[in-house]
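Same order as they appear, the protein sequences are chains A and B.
Note that this note's numbering has the first sequence beginning at 1, numbered continuously upward.
Note that this note's numbering has the second sequence beginning at 223, numbered continuously upward.
Derived from the structure by calculation, the hints contain no laboratory data.
In this text, all values refer to a predicted model and were calculated from it rather than measured experimentally.
Take these hints with a grain of salt, some might be off.
Straight-line C-alpha distance at most 20 Å; calculated EDC-like pairs for lysine to aspartate or glutamate [said to hold, decoys possible]:
| no. | chain 1 | residue 1 | chain 2 | residue 2 |
| --- | --- | --- | --- | --- |
| 1 | A | K56 | B | D695 |
| 2 | A | K142 | A | D121 |
| 3 | A | K72 | A | E176 |
| 4 | A | K56 | B | D432 |
| 5 | A | K132 | A | D81 |
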Amino acid sequence: MNNSVTNTARLLWAGLRALLVLTLVTGVIYPLVVTGIAQGLFRDQANGSEITSDGKVVGSSLIGQSYNLPLKKGQETPMPDLKWFQGRPQNGLGTNSVNTRYSLILSGATNRSADNEDLVDWVTAAKAAVVKDNSVNGYTVKPSEVPADAVTSSGSGLDPDISPQYADIQVHRVAEKNGLPVDRVEKLVDDHTEGRTLGFMGEPRVNVLELNTALRELLAKS
Amino acid sequence: MGPVLAGVLQLLALIAALALAYVPLGNHMAKVYSSDKHWRVEKWIYKGIGADPNTEMRWPAYLRGVLAFSAVGVLFLYLLQRLQGVLPGSLGFKAIDPDQAFNTAASFVTNTNWQSYYGEQAMGHVVQTAGLAVQNFVSAAVGIAVAVALVRGFARSRTGELGNFWSDLVRGVTRILLPLSVVAAIVLVACGAIQNFSGIHEVGQFMGGDQQWNGGAVASQEAIKEIGTNGGGYFNANSAHPFENPTPFTNLFEIFLLLVIPFALTRTFGIMVGSVKQGYAILATMGTIWVGFIALMMWTEFAHHGPAFQMAGGAMEGKETRIGVGASSIFAVSTTLTSTGAVDSFHSSFTGLGGGITMLGMQLGEIAPGGTGSGLYGMLIMAVIAVFIAGLMVGRTPEYLGKKIGTREIKFAACYILITPALVLIFTAVAMALPTPGHSMTNSGAHGFSEILYAYTSASNNNGSAFAGLNADTQWFNSTLGLAMILGRFLPMVFVLALAGSLAEQKPVPATAGTLRTEKPLFTGLLVGAILIITGLTYFPALALGPLAEGLAS
Numbered sequence: 001m002n003n004s005v006t007n008t009a010r011l012l013w014a015g016l017r018a019l020l021v022l023t024l025v026t027g028v029i030y031p032l033v034v035t036g037i038a039q040g041l042f043r044d045q046a047n048g049s050e051i052t053s054d055g056k057v058v059g060s061s062l063i064g065q066s067y068n069l070p071l072k073k074g075q076e077t078p079m080p081d082l083k084w085f086q087g088r089p090q091n092g093l094g095t096n097s098v099n100t101r102y103s104l105i106l107s108g109a110t111n112r113s114a115d116n117e118d119l120v121d122w123v124t125a126a127k128a129a130v131v132k133d134n135s136v137n138g139y140t141v142k143p144s145e146v147p148a149d150a151v152t153s154s155g156s157g158l159d160p161d162i163s164p165q166y167a168d169i170q171v172h173r174v175a176e177k178n179g180l181p182v183d184r185v186e187k188l189v190d191d192h193t194e195g196r197t198l199g200f201m202g203e204p205r206v207n208v209l210e211l212n213t214a215l216r217e218l219l220a221k222s
Numbered sequence: 223m224g225p226v227l228a229g230v231l232q233l234l235a236l237i238a239a240l241a242l243a244y245v246p247l248g249n250h251m252a253k254v255y256s257s258d259k260h261w262r263v264e265k266w267i268y269k270g271i272g273a274d275p276n277t278e279m280r281w282p283a284y285l286r287g288v289l290a291f292s293a294v295g296v297l298f299l300y301l302l303q304r305l306q307g308v309l310p311g312s313l314g315f316k317a318i319d320p321d322q323a324f325n326t327a328a329s330f331v332t333n334t335n336w337q338s339y340y341g342e343q344a345m346g347h348v349v350q351t352a353g354l355a356v357q358n359f360v361s362a363a364v365g366i367a368v369a370v371a372l373v374r375g376f377a378r379s380r381t382g383e384l385g386n387f388w389s390d391l392v393r394g395v396t397r398i399l400l401p402l403s404v405v406a407a408i409v410l411v412a413c414g415a416i417q418n419f420s421g422i423h424e425v426g427q428f429m430g431g432d433q434q435w436n437g438g439a440v441a442s443q444e445a446i447k448e449i450g451t452n453g454g455g456y457f458n459a460n461s462a463h464p465f466e467n468p469t470p471f472t473n474l475f476e477i478f479l480l481l482v483i484p485f486a487l488t489r490t491f492g493i494m495v496g497s498v499k500q501g502y503a504i505l506a507t508m509g510t511i512w513v514g515f516i517a518l519m520m521w522t523e524f525a526h527h528g529p530a531f532q533m534a535g536g537a538m539e540g541k542e543t544r545i546g547v548g549a550s551s552i553f554a555v556s557t558t559l560t561s562t563g564a565v566d567s568f569h570s571s572f573t574g575l576g577g578g579i580t581m582l583g584m585q586l587g588e589i590a591p592g593g594t595g596s597g598l599y600g601m602l603i604m605a606v607i608a609v610f611i612a613g614l615m616v617g618r619t620p621e622y623l624g625k626k627i628g629t630r631e632i633k634f635a636a637c638y639i640l641i642t643p644a645l646v647l648i649f650t651a652v653a654m655a656l657p658t659p660g661h662s663m664t665n666s667g668a669h670g671f672s673e674i675l676y677a678y679t680s681a682s683n684n685n686g687s688a689f690a691g692l693n694a695d696t697q698w699f700n701s702t703l704g705l706a707m708i709l710g711r712f713l714p715m716v717f718v719l720a721l722a723g724s725l726a727e728q729k730p731v732p733a734t735a736g737t738l739r740t741e742k743p744l745f746t747g748l749l750v751g752a753i754l755i756i757t758g759l760t761y762f763p764a765l766a767l768g769p770l771a772e773g774l775a776s
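In isolation and in its complexed conformation, chain A is listed as follows:
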């Protein structure tokens, strides 16, 4: 009995020493070495692929943002600022319930199933809004033209991209609100449309922050 207790203790002691040594190797040295290499070789990427415009950081090309009007008094849900290209809905973004010290961007999905009534309502409302917002003088969006990404939330809730189709149906609205010719805005979208990597990986997409930044620079020039 006594013997087996000693043996167990010896074994656990060996286990603890193994864990501590391996923690040093994989939990301290490894991340520090990778960070060193990353900061040395790929400084931009390692720090979040920030985009600057006019000398100011306006966000990361990898993280989606909202382009809303400031909240009016008593208003709870902000209205989109239709001057700018809009990204995907973000119904999945929860509020920070874990600690109140920071207001970090929190990633997450809605996790609603295909037969969930909330989701059906959200999609229906989003579709109606996309049709209404983007149907401007002489240009009508048909419900069947609205792509799926325009009315659904992404997995991260931080999707930086929209599909080229969704960007295309926003062109007339953005042109009108900014007093730009349609073909100018169309060209801007084309310039910022990225195809599949090597022609087959992923899906074609338009980065909304890069597009809006370019739009703002265009407006400043004209």
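Using the hints, position chain B against chain A.
Just chain B, lined up with the frame of chain A:
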């Protein structure tokens, strides 16, 4: 090019990459576990541990090593989280509550990486890198060690000795996981995954004002998260988060990483038992199921049945634009057929049948190709069962790889395949019968039931993905899921090692004309059939109540 064709091409590219890595990595791993030379670094490590790496262990000693190391791991990780409030480098985050700390400790030590916390909102640098990421390495190395011990059981005769646990553990880290992770992490950073220690800081926004980011050692953790089939994300959104998985290329690369060791281990197995063809037969079984599941998944996701998706015109809810439906389907199947559980799209928002495919993938026991190590030993147990079934048909004592599958061996194998279904079904039934656990559901009806069935399936099979609508941060779920993970990891290992010991003691039986040729396609067919039928019968009633009911209704 349409999205379906692009999806198929991505699958083909993935298969080509895996095929290229198969021989070199498989050979390398066989050498790692057969060599009697120790690297200088490893000698220092053994000195630190105070263990002699050359002592051969019989199965009880090997098992005691696994259990002691894992028990210490759970305790250490638990304490690290409980002490987070006073540790430096914690970014001001509080200590994690006891039930959640237990759940998370059990989760990472068992290679599950179920997460009932929000990574970016709860865990500081020290817990992430020195706690969670360390277990990503060592839990994977333990898995490979146990698999290698079983392979040695087949390969060795008249000894009962299975190798040295400490040596297998350390070599798995230093010679396989660490080198692969360094390379993979740097590739990920180059593509945009972040790697810094800037902590919580403000970054300007387009419309004015600031957003708060939590910067950390993400790429280094992401690499081992996939390579070790762990799956615990730095951020809540896991591999859907652009800082973890920034581009379509990194998405395919991450799928490659989580599959490469489990598939290549079949080559290691073949070499170590002296016939690479035996490895090919196991590989073919894994590959058949994996490709079949991906085909089914793509079909149902592209068809996007269900009211909300019909309205939207595509199953893009919970999926990222850059990744799309096709690659998300490949990721979802690969992560649930291995023990990874990382997600680049949210399974709860897949179609009813798509969600069912992810669940069935885990319920097969995660053997196609399965977790690092656990996939191979799980599949070899199924091979023993298949050989036994074939033996019953012709009425002779079954044998596999020159070893008799007698009463003792088949008892161990049978116990192994009963454990996880028992855990899944009993825990699910109890949770459904009690009044409060159901309050955690986000969706109602069949999908609500699926959320709970998925949770226990994922925990007991050490997967870690979720129908994440379930609010699992309750005392009930933290405790029972934690328990399911520990039992679902270590009880099967007991039977695997017992079986290995029993096989290693035998003397080999020469192959005769009546021996079942286990390297032939016929055996692969038998094995696929045995896996699908055994699992199908076990889980069919539960699946009929959840995903099948939902899928057929839409």
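Hints and how they fare:
no.: 1; hint: A:K56 <-> B:D695; verdict: violated (40 Å)
no.: 2; hint: A:K142 <-> A:D121; verdict: holds (19 Å)
no.: 3; hint: A:K72 <-> A:E176; verdict: violated (24 Å)
no.: 4; hint: A:K56 <-> B:D432; verdict: holds (12 Å)
no.: 5; hint: A:K132 <-> A:D81; verdict: holds (14 Å)
Hints 1, 3, counting from the list given before, are not met by this structure.
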